[in-house]
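Participant: Sequence:
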Amino acid sequence: MDVLVDGALKKERVRAALTMVACDLPAARKLCGFTAGNSNCACHKCLKQFGSLDGDMMRRDFRNFDMASWIPRTNYTHRQAAMEWYQQLNETSKSRHANLHGTKYSELLRLRYFDPVIQENDDDLAYDNQE
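Just so you know, this note's numbering puts 82 at position 82 of the sequence shown, and the rest follows in order with no gaps.
Since the hints were made in silico from the structure, they are not lab data. Treat the hints with care, as some may be off.
Dumping the calculated SDA-like pairs for lysine to any residue here, alpha-carbon to alpha-carbon at most 20 Å [to be verified]: (1) K30 / R112; (2) K45 / L100; (3) K94 / L47; (4) K45 / G55.
Quick caveat, the model's predicted, so the values are computed rather than measured.
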């Protein structure tokens, strides 16, 4: 990697590790390639789609759900949907795809070892109600 050392660019070997994303949920969602908490797919741990409240398309209805019936989100499904989003040709189709899958592309997905489903904060919907 080219690194600025004493005012000159030099080739340096850089080693780094990324372990976990620890920040507020809106930032973590954006960083890991998930849509916002008010999207149809509001949970980063499952593929559950939440409808909107009557009269307000931007607020989700989280009532009357059965967590046992939720399909878990996996690293594979997230990456697949993110790559599909990345390959969309215009903003309208990207928006439609993100709405359907709850996923956008993130540069962190270039790291093969990074699993956004596991390495994003866990204080979200799927775990708030567990006893």
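Participant: Decide, hint by hint, whether the structure agrees.
Facilitator: Cross-check of the supplied hints:
A threshold of 20 Å between alpha carbons decides the hint, and for K30 with R112 the separation of about 18 Å falls inside it, so the pair holds. Note on K45 and L100: the hinted pairing holds, with a Cα-Cα distance of about 15 Å set against a maximum of 20 Å. Restraint check for K94 and L47: the C-alpha separation of about 18 Å stays at or below 20 Å, so the hint holds. Taking the CA atoms of K45 and G55, the gap is near 27 Å; set against the 20 Å cutoff, the hint is violated.
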